[in-house]
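What the sequence shown shows, in my numbering, is residues -2 to 298, in sequence order.
Be a bit skeptical, because a hint or two may be false.
[Stated by the list, open to error] Derived DSSO-like pairs (lysine-lysine); straight-line CA-CA distance at most 27 Å: (1) LYS125 - LYS71; (2) LYS117 - LYS55; (3) LYS85 - LYS134; (4) LYS80 - LYS125; (5) LYS134 - LYS83; (6) LYS72 - LYS83; (7) LYS85 - LYS55; (8) LYS55 - LYS72; (9) LYS71 - LYS83; (10) LYS80 - LYS117; (11) LYS71 - LYS85; (12) LYS125 - LYS55; (13) LYS83 - LYS125; (14) LYS85 - LYS125; (15) LYS71 - LYS134; (16) LYS134 - LYS80; (17) LYS72 - LYS117; (18) LYS134 - LYS72; (19) LYS83 - LYS63; (20) LYS63 - LYS80.
Hint data in this document are derived by calculation from the structure and do not stem from the laboratory. Just so we're clear, the structure is a prediction, and the values are computed from it rather than from any experiment.
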Amino acid sequence: MRKMKSGVILLALLLAAMAMVPVVSAGNQMPVLSSDVKTLQASQSPDTDMFAYLGIAKPALSAGPKWQTYASSKKEVDTLLGKAGKQKDVRNVIGYLDGTNEQVVLYSGNDGNFYALLQKEGAITITKVSSTVIGSKVEQSVDVYSSGITLDQNNRSVHTTRYELSRISLAGIGSSEFSTATVYSNHITRTDSWIWLGISRASLYTDGTFTYDYGNRILAINDNSNTYQALGFDQCQFTHSTRITGITGYIDSSVIWSVYTAMPPKHSVNAWISCNIYGSTNGNSATSDWVATGFGCFGIP
(Lines of atoms letter the chains of each structure in order from A and count residues from 1; the text may use other names and numbers.)
(Lines give C-alpha, C1' and ligand atoms only; values in the text may rest on other atoms or scores of the structure.)
Protein backbone atom coordinates (compact mmCIF):
# COMPACT_ATOMS: atom_id res chain seq x y z
CA MET A 1 0.00 0.00 0.00
CA ARG A 2 2.82 2.38 0.91
CA LYS A 3 4.59 1.58 -2.41
CA MET A 4 1.41 2.35 -4.36
CA LYS A 5 0.93 5.66 -2.49
CA SER A 6 4.56 6.67 -3.14
CA GLY A 7 4.12 5.89 -6.85
CA VAL A 8 1.02 8.09 -7.05
CA ILE A 9 2.85 10.99 -5.36
CA LEU A 10 5.85 10.64 -7.67
CA LEU A 11 3.59 10.60 -10.75
CA ALA A 12 1.80 13.73 -9.50
CA LEU A 13 5.11 15.54 -9.04
CA LEU A 14 6.26 14.62 -12.55
CA LEU A 15 2.99 15.82 -14.09
CA ALA A 16 3.25 19.09 -12.16
CA ALA A 17 6.80 19.64 -13.37
CA MET A 18 5.74 18.98 -16.97
CA ALA A 19 2.87 21.43 -16.63
CA MET A 20 5.31 24.21 -15.74
CA VAL A 21 7.23 23.89 -19.02
CA PRO A 22 5.85 26.40 -21.59
CA VAL A 23 4.45 25.02 -24.84
CA VAL A 24 6.44 25.95 -27.97
CA SER A 25 4.53 25.59 -31.21
CA ALA A 26 6.13 23.94 -34.23
CA GLY A 27 5.56 27.14 -36.21
CA ASN A 28 8.06 29.01 -34.03
CA GLN A 29 10.96 26.79 -35.07
CA MET A 30 12.68 27.58 -31.76
CA PRO A 31 15.43 25.00 -31.13
CA VAL A 32 16.13 23.56 -27.70
CA LEU A 33 19.40 24.63 -26.05
CA SER A 34 22.30 22.71 -27.57
CA SER A 35 25.96 22.90 -26.66
CA ASP A 36 26.87 21.70 -30.16
CA VAL A 37 27.26 25.04 -31.93
CA LYS A 38 28.88 23.33 -34.94
CA THR A 39 25.55 21.62 -35.71
CA LEU A 40 23.86 25.02 -35.62
CA GLN A 41 26.42 26.46 -38.03
CA ALA A 42 26.03 23.63 -40.52
CA SER A 43 22.30 24.38 -40.83
CA GLN A 44 22.71 28.05 -41.74
CA SER A 45 22.80 29.84 -45.09
CA PRO A 46 26.08 30.51 -46.94
CA ASP A 47 28.39 33.28 -45.76
CA THR A 48 27.78 36.84 -46.89
CA ASP A 49 30.48 38.17 -49.23
CA MET A 50 31.13 41.54 -47.60
CA PHE A 51 33.01 43.00 -50.57
CA ALA A 52 30.20 42.17 -52.99
CA TYR A 53 27.49 43.30 -50.57
CA LEU A 54 29.16 46.68 -50.00
CA GLY A 55 30.00 47.16 -53.67
CA ILE A 56 33.76 47.20 -53.01
CA ALA A 57 36.26 45.73 -55.46
CA LYS A 58 37.84 42.58 -54.09
CA PRO A 59 41.55 42.88 -53.25
CA ALA A 60 44.06 41.17 -55.50
CA LEU A 61 45.92 38.26 -53.99
CA SER A 62 49.24 39.64 -52.80
CA ALA A 63 52.50 38.44 -54.35
CA GLY A 64 55.72 37.88 -52.42
CA PRO A 65 56.03 37.10 -48.70
CA LYS A 66 52.77 36.35 -46.90
CA TRP A 67 51.71 37.59 -43.50
CA GLN A 68 52.54 35.17 -40.71
CA THR A 69 50.66 34.79 -37.42
CA TYR A 70 52.31 35.62 -34.11
CA ALA A 71 52.16 31.94 -33.13
CA SER A 72 54.22 30.93 -36.17
CA SER A 73 56.78 33.75 -35.81
CA LYS A 74 56.92 34.32 -32.05
CA LYS A 75 60.73 34.09 -31.78
CA GLU A 76 61.38 36.66 -34.53
CA VAL A 77 58.64 39.02 -33.35
CA ASP A 78 59.73 38.94 -29.70
CA THR A 79 63.33 39.63 -30.75
CA LEU A 80 62.31 42.72 -32.76
CA LEU A 81 60.00 44.03 -30.03
CA GLY A 82 62.82 43.50 -27.51
CA LYS A 83 65.28 45.49 -29.64
CA ALA A 84 62.75 48.32 -29.85
CA GLY A 85 61.89 48.13 -26.13
CA LYS A 86 58.19 47.87 -26.95
CA GLN A 87 57.17 44.60 -25.28
CA LYS A 88 55.08 46.34 -22.61
CA ASP A 89 53.34 48.59 -25.14
CA VAL A 90 51.83 45.76 -27.19
CA ARG A 91 48.27 44.62 -26.57
CA ASN A 92 48.39 41.94 -29.28
CA VAL A 93 50.47 41.18 -32.35
CA ILE A 94 48.48 41.03 -35.58
CA GLY A 95 51.06 39.71 -38.02
CA TYR A 96 54.66 39.48 -39.20
CA LEU A 97 56.30 39.94 -42.63
CA ASP A 98 59.75 38.60 -43.43
CA GLY A 99 61.30 39.98 -46.61
CA THR A 100 64.71 39.92 -48.26
CA ASN A 101 66.08 42.95 -46.43
CA GLU A 102 63.16 44.05 -44.26
CA GLN A 103 60.98 42.71 -41.47
CA VAL A 104 57.67 44.16 -40.29
CA VAL A 105 55.64 43.56 -37.13
CA LEU A 106 52.08 44.89 -37.13
CA TYR A 107 50.52 45.20 -33.67
CA SER A 108 47.85 46.99 -31.68
CA GLY A 109 49.07 49.06 -28.77
CA ASN A 110 47.70 49.40 -25.27
CA ASP A 111 46.41 52.83 -26.32
CA GLY A 112 44.09 51.24 -28.91
CA ASN A 113 46.09 52.37 -31.96
CA PHE A 114 47.85 50.25 -34.58
CA TYR A 115 51.61 50.36 -35.11
CA ALA A 116 54.05 48.92 -37.64
CA LEU A 117 57.59 48.11 -36.52
CA LEU A 118 59.96 48.13 -39.51
CA GLN A 119 63.50 46.77 -39.41
CA LYS A 120 65.43 48.04 -42.44
CA GLU A 121 69.19 48.23 -42.99
CA GLY A 122 69.81 47.43 -39.33
CA ALA A 123 67.62 50.27 -38.04
CA ILE A 124 64.17 49.99 -36.43
CA THR A 125 61.40 52.53 -36.90
CA ILE A 126 57.87 52.43 -35.48
CA THR A 127 55.02 54.13 -37.31
CA LYS A 128 51.43 54.62 -36.25
CA VAL A 129 49.09 53.27 -38.93
CA SER A 130 45.38 53.88 -39.30
CA SER A 131 42.51 51.45 -39.69
CA THR A 132 40.15 52.77 -42.35
CA VAL A 133 36.50 51.70 -42.31
CA ILE A 134 35.51 50.88 -45.90
CA GLY A 135 31.96 49.64 -45.28
CA SER A 136 29.40 48.42 -42.77
CA LYS A 137 25.94 46.88 -42.52
CA VAL A 138 23.33 45.92 -39.93
CA GLU A 139 20.94 42.96 -39.99
CA GLN A 140 18.05 42.24 -37.60
CA SER A 141 15.54 39.46 -37.04
CA VAL A 142 12.93 38.62 -34.39
CA ASP A 143 11.76 35.27 -32.98
CA VAL A 144 8.41 35.29 -31.18
CA TYR A 145 7.65 32.61 -28.59
CA SER A 146 4.29 30.99 -28.00
CA SER A 147 2.30 31.68 -24.87
CA GLY A 148 0.17 28.58 -24.53
CA ILE A 149 -1.38 28.18 -28.00
CA THR A 150 -0.89 31.62 -29.58
CA LEU A 151 2.22 33.69 -30.34
CA ASP A 152 2.95 36.44 -27.84
CA GLN A 153 4.75 39.60 -29.03
CA ASN A 154 5.62 40.41 -25.41
CA ASN A 155 7.89 37.34 -25.25
CA ARG A 156 10.48 37.35 -28.02
CA SER A 157 14.16 37.38 -28.91
CA VAL A 158 15.64 40.18 -31.04
CA HIS A 159 18.82 39.41 -32.97
CA THR A 160 20.93 42.26 -34.34
CA THR A 161 24.24 41.76 -36.17
CA ARG A 162 26.56 44.64 -37.06
CA TYR A 163 29.42 44.20 -39.52
CA GLU A 164 32.22 46.73 -40.00
CA LEU A 165 34.88 46.06 -42.65
CA SER A 166 38.21 47.90 -42.31
CA ARG A 167 41.57 48.04 -44.07
CA ILE A 168 45.03 48.56 -42.55
CA SER A 169 47.72 49.58 -45.05
CA LEU A 170 51.50 49.79 -44.66
CA ALA A 171 51.84 52.38 -47.45
CA GLY A 172 53.20 55.11 -45.16
CA ILE A 173 55.74 53.26 -43.01
CA GLY A 174 58.76 53.78 -45.30
CA SER A 175 59.12 50.22 -46.53
CA SER A 176 60.41 49.50 -50.03
CA GLU A 177 59.42 45.82 -49.97
CA PHE A 178 56.01 46.05 -48.27
CA SER A 179 54.56 49.41 -49.33
CA THR A 180 51.50 47.65 -50.79
CA ALA A 181 51.00 45.20 -47.92
CA THR A 182 47.51 45.33 -46.44
CA VAL A 183 45.44 43.43 -43.88
CA TYR A 184 41.67 43.52 -43.47
CA SER A 185 39.50 43.21 -40.41
CA ASN A 186 35.83 42.54 -39.79
CA HIS A 187 34.42 43.79 -36.50
CA ILE A 188 31.25 41.79 -35.87
CA THR A 189 28.85 42.28 -32.98
CA ARG A 190 25.84 39.97 -32.70
CA THR A 191 23.36 41.07 -30.03
CA ASP A 192 20.75 38.55 -28.90
CA SER A 193 18.26 40.25 -26.58
CA TRP A 194 15.57 38.55 -24.51
CA ILE A 195 12.33 40.55 -24.46
CA TRP A 196 10.14 39.24 -21.65
CA LEU A 197 6.72 40.78 -20.87
CA GLY A 198 7.54 43.53 -23.38
CA ILE A 199 10.79 44.67 -21.70
CA SER A 200 14.40 43.89 -22.67
CA ARG A 201 15.67 41.79 -19.75
CA ALA A 202 19.01 40.36 -20.88
CA SER A 203 21.41 40.47 -23.84
CA LEU A 204 24.29 38.35 -25.11
CA TYR A 205 26.90 40.29 -27.09
CA THR A 206 28.99 37.95 -29.25
CA ASP A 207 31.65 40.49 -30.21
CA GLY A 208 34.89 40.03 -32.08
CA THR A 209 37.35 41.44 -34.59
CA PHE A 210 38.75 39.07 -37.22
CA THR A 211 41.99 40.24 -38.85
CA TYR A 212 43.09 38.43 -42.01
CA ASP A 213 45.51 38.48 -44.92
CA TYR A 214 43.10 38.40 -47.86
CA GLY A 215 43.14 34.99 -49.51
CA ASN A 216 45.93 33.71 -47.26
CA ARG A 217 45.03 33.17 -43.61
CA ILE A 218 43.26 34.42 -40.48
CA LEU A 219 45.91 36.31 -38.52
CA ALA A 220 44.18 37.14 -35.25
CA ILE A 221 40.79 36.98 -33.51
CA ASN A 222 40.03 39.46 -30.74
CA ASP A 223 37.09 38.19 -28.64
CA ASN A 224 35.22 40.81 -26.56
CA SER A 225 31.99 38.86 -25.94
CA ASN A 226 29.98 39.87 -22.86
CA THR A 227 26.48 39.86 -21.39
CA TYR A 228 23.95 42.15 -19.73
CA GLN A 229 21.12 41.21 -17.39
CA ALA A 230 18.60 43.45 -15.64
CA LEU A 231 18.01 43.63 -11.90
CA GLY A 232 16.35 40.45 -10.67
CA PHE A 233 17.94 38.33 -13.39
CA ASP A 234 20.86 36.01 -12.76
CA GLN A 235 23.51 34.60 -15.09
CA CYS A 236 23.72 30.85 -14.57
CA GLN A 237 26.26 30.11 -17.31
CA PHE A 238 28.39 32.14 -19.73
CA THR A 239 31.15 30.81 -21.96
CA HIS A 240 32.87 32.14 -25.07
CA SER A 241 35.86 31.03 -27.11
CA THR A 242 37.65 31.44 -30.45
CA ARG A 243 38.67 28.81 -32.95
CA ILE A 244 39.92 28.52 -36.52
CA THR A 245 38.65 25.77 -38.81
CA GLY A 246 40.35 25.68 -42.21
CA ILE A 247 40.02 29.13 -43.78
CA THR A 248 37.43 30.40 -41.29
CA GLY A 249 37.69 31.88 -37.80
CA TYR A 250 34.84 31.61 -35.28
CA ILE A 251 33.74 33.03 -31.95
CA ASP A 252 31.25 30.81 -30.09
CA SER A 253 29.28 31.96 -27.06
CA SER A 254 26.63 30.48 -24.78
CA VAL A 255 24.60 31.87 -21.88
CA ILE A 256 21.74 30.77 -19.60
CA TRP A 257 19.75 33.30 -17.53
CA SER A 258 17.20 32.83 -14.78
CA VAL A 259 14.62 35.04 -13.08
CA TYR A 260 14.16 35.27 -9.32
CA THR A 261 10.43 34.57 -9.28
CA ALA A 262 8.43 31.48 -8.52
CA MET A 263 9.48 28.64 -10.83
CA PRO A 264 10.08 30.58 -14.11
CA PRO A 265 11.50 28.98 -17.25
CA LYS A 266 15.18 29.69 -17.85
CA HIS A 267 16.27 31.40 -21.07
CA SER A 268 19.34 30.36 -23.07
CA VAL A 269 21.23 31.51 -26.16
CA ASN A 270 23.91 29.73 -28.18
CA ALA A 271 25.44 32.21 -30.63
CA TRP A 272 28.33 32.38 -33.08
CA ILE A 273 29.97 34.77 -35.54
CA SER A 274 32.54 34.00 -38.22
CA CYS A 275 34.80 35.46 -40.88
CA ASN A 276 36.93 33.73 -43.52
CA ILE A 277 40.10 34.73 -45.37
CA TYR A 278 38.10 36.14 -48.29
CA GLY A 279 36.16 38.55 -46.08
CA SER A 280 32.91 36.57 -46.04
CA THR A 281 31.04 36.76 -42.74
CA ASN A 282 28.17 35.12 -40.93
CA GLY A 283 26.42 34.99 -37.58
CA ASN A 284 23.47 33.25 -36.01
CA SER A 285 22.07 31.88 -32.77
CA ALA A 286 19.75 29.28 -31.29
CA THR A 287 17.53 30.27 -28.36
CA SER A 288 15.24 28.51 -25.93
CA ASP A 289 13.23 29.78 -22.98
CA TRP A 290 12.26 26.44 -21.51
CA VAL A 291 15.66 25.10 -20.47
CA ALA A 292 14.60 24.42 -16.89
CA THR A 293 12.28 25.54 -14.13
CA GLY A 294 13.19 26.43 -10.58
CA PHE A 295 14.18 29.33 -8.35
CA GLY A 296 17.15 31.36 -9.70
CA CYS A 297 19.92 29.22 -11.12
CA PHE A 298 18.80 26.22 -9.10
CA GLY A 299 16.19 24.25 -10.98
CA ILE A 300 15.06 21.12 -12.70
CA PRO A 301 16.95 20.63 -16.01
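Consistency of the hints with the structure:
| no. | hint | in the structure |
| --- | --- | --- |
| 1 | LYS125 - LYS71 | holds, 21 Å |
| 2 | LYS117 - LYS55 | violated, 30 Å |
| 3 | LYS85 - LYS134 | violated, 35 Å |
| 4 | LYS80 - LYS125 | holds, 18 Å |
| 5 | LYS134 - LYS83 | violated, 36 Å |
| 6 | LYS72 - LYS83 | holds, 15 Å |
| 7 | LYS85 - LYS55 | violated, 36 Å |
| 8 | LYS55 - LYS72 | violated, 33 Å |
| 9 | LYS71 - LYS83 | holds, 15 Å |
| 10 | LYS80 - LYS117 | holds, 13 Å |
| 11 | LYS71 - LYS85 | holds, 15 Å |
| 12 | LYS125 - LYS55 | holds, 25 Å |
| 13 | LYS83 - LYS125 | holds, 13 Å |
| 14 | LYS85 - LYS125 | holds, 16 Å |
| 15 | LYS71 - LYS134 | violated, 35 Å |
| 16 | LYS134 - LYS80 | violated, 41 Å |
| 17 | LYS72 - LYS117 | holds, 18 Å |
| 18 | LYS134 - LYS72 | violated, 39 Å |
| 19 | LYS83 - LYS63 | holds, 24 Å |
| 20 | LYS63 - LYS80 | holds, 23 Å |
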